Amino acid sequence: AVDAKTDPDFVVMARTDALAVEGLERAIERAIACVEAGADAVFPEAIPELSMYRKFAEGVKVPVLANITEFGETPLFTLQELRSAQVAIALYPLSAFRAMNAAALKVYNAIRREGTQKSVLELMQTRADLYETLDYHAYERKLDELFAKEKSK
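Under my numbering, the letters of the sequence shown match residues -15 to 137, in that order.
It should be emphasised that the hints constitute simulated quantities derived from the structure, not laboratory data.
A quick note: this is a predicted structure, and the numbers were derived from the prediction, not measured.
In this text, a Cβ means the ideal position worked out from N, Cα and C, and glycines have one as well.
Heads up, some of the hints might be wrong.
The calculated label-pair distances, taken between Cβ atoms and stated as ranges, are [said to hold, decoys possible]:
id: 1; residue 1: K(-11); residue 2: E124; range: 30 to 40 Å
id: 2; residue 1: M(-3); residue 2: E124; range: 49 to 59 Å
id: 3; residue 1: E54; residue 2: M(-3); range: 15 to 25 Å
id: 4; residue 1: P59; residue 2: A88; range: 26 to 36 Å
id: 5; residue 1: Q101; residue 2: A80; range: 19 to 29 Å
id: 6; residue 1: M84; residue 2: G7; range: 14 to 24 Å
id: 7; residue 1: Y76; residue 2: S103; range: 53 to 63 Å
id: 8; residue 1: L89; residue 2: K137; range: 47 to 57 Å
id: 9; residue 1: T100; residue 2: V5; range: 50 to 60 Å
id: 10; residue 1: L127; residue 2: P47; range: 32 to 42 Å
Kindly generate the complete structure, drawing on both the sequences and the hints.
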């Protein structure tokens, strides 16, 4: 991947799962080898202690990612805790997905049980909230401008 890079802004991140099988020192050695081969950052998987992140960061000397997924091996460290351990990137790959699935299950169970979604409306994002989040009206105005320019050609 490093040899194929054509964009200097493209980041190659090396992942290592070696901690679980080979231990911390070997996992760091593997990560260092990846950095020496050109990796720009390191993703050590399933790190259970902040001190281990510190050792990774000190060893590899490139940005280190923490995979903060619920129900995994890594505790749900705060951003401040991760910063104190020299973690540069925090990844929350499934947090919103899991929350959405739980909310969807509540909605569909309510519909099944009650024949309507009225009792779970408070779980839902309103159209106004969605439009505000997306800045939808600005997007709509921009489209109108673009189409107006296209028509005038």
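Results of checking the hints against the structure:
Distance hint check for K(-11) and E124: the Cβ-Cβ separation is about 38 Å, which falls inside the suggested range of 30 to 40 Å. Checked against the given bound of 49 to 59 Å, the beta carbons of M(-3) and E124, roughly 37 Å apart, lie outside it. Checking the proposed 15 to 25 Å range against E54 and M(-3) shows it holds: the Cβ atoms sit about 21 Å from each other. About 27 Å separates the C-beta atoms of P59 and A88, a value consistent with the hinted range of 26 to 36 Å.
A hinted range of 19 to 29 Å for the beta carbons of Q101 and A80 is consistent with their spacing of about 21 Å. For M84 and G7, the hinted distance range of 14 to 24 Å is not satisfied, since their beta carbons lie about 37 Å from each other. One distance hint, 53 to 63 Å for the beta-carbon pair Y76 and S103, is violated here, with the actual separation near 29 Å. Against the hinted window of 47 to 57 Å, the Cβ-Cβ separation of L89 and K137 comes to about 51 Å, which satisfies the hint.
Between T100 and V5 the beta carbons are some 52 Å apart, a value that agrees with the proposed interval 50 to 60 Å. Restraint check, L127 to P47: a C-beta distance of roughly 38 Å satisfies the suggested window 32 to 42 Å.
Violated hints, in rising order: 2, 6, 7; the structure is consistent with all others.
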